[in-house]
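Asker: Residues per chain, in single letters:
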Amino acid sequence: DPKIIQKPKYLVAVTGSEKILICEQYLGHNAMYWYRQSAKKPLEFMFSYSYQKLMDNQTASSRFQPQSSKKNHLDLQITALKPDDSATYFCASSQVNSQNTLYFGAGTRLSVL
Amino acid sequence: SQLAEENLWALSVHEGESVTVNCSYKTSITALQWYRQKSGEGPAQLILIRSNEREKRNGRLRATLDTSSQSSSLSITATRCEDTAVYFCATDAGGLSGKLTFGEGTQVTVIS
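These protein sequences, in sequence, are chains A and B. Under the numbering used here, think of the first position of the first sequence as 1, with each following residue one higher. Under the numbering used here, think of the first position of the second sequence as 1001, with each following residue one higher.
It is worth saying that the hints were derived from the structure and are not from the lab. Among these hints, one or two may not hold up.
No farther apart than 20 Å at their CA atoms in a straight line, the calculated lysine to aspartate or glutamate pairs in the DMTMM-like style are these [unchecked claim]:
1. K41/A / E1053/B
2. K40/A / E1104/B
3. K41/A / E1104/B
4. K3/A / D75/A
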């Protein structure tokens, strides 16, 4: 059974709309992350949360907002979607002080038309 | 900012042969990790090698780290078709954010 669940697996959106990407982890980890993988680009760090608090934010745009309602949840809200936001978004988790070994979900593939 | 990058876009090998993927990075690190990503899946960690280690093994996998030249390699012996994947190196500069910097990845294809 997958230990990190991302929903949905595929998502198609129109330009200007808003979407929420869901992530839940059942590894008992205390840190969660979002990474983005765009075509022909490296996997790119977006956010890190530890104990439900934002640790680092490397996204330039406020259109990307992580939301942590529970300690094992870290959703990603994206507003005013643009075609350039098309990418696969990966959620990951780790146990702090475990030398940052990340466990990734299967990703949500977002296409913005 | 630090950069991790693999040195080749793609490699093909025949099943049973060995293959090596190389990686270079730009700044100081506390550790370097190798990940594998199969089609349609998220990356999965293979090996973590700390900055004070020169070599680490995990079954058929062997990673090396040379901090003086800021480079690392991942070797896979006795390759199998299921080793077909994109292999990434990722550097960890330490700190509290848990941020890893990934390279662009090397596609390894194992041909039967």
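Asker: Each hint should be assessed against the structure and marked as holding or not.
Answerer: Each hint, compared with the structure:
no.: 1; hint: K41/A / E1053/B; verdict: violated (29 Å)
no.: 2; hint: K40/A / E1104/B; verdict: holds (8 Å)
no.: 3; hint: K41/A / E1104/B; verdict: holds (6 Å)
no.: 4; hint: K3/A / D75/A; verdict: holds (16 Å)
Checked against the numbered hints above, the structure breaks only hint 1 and satisfies the rest.
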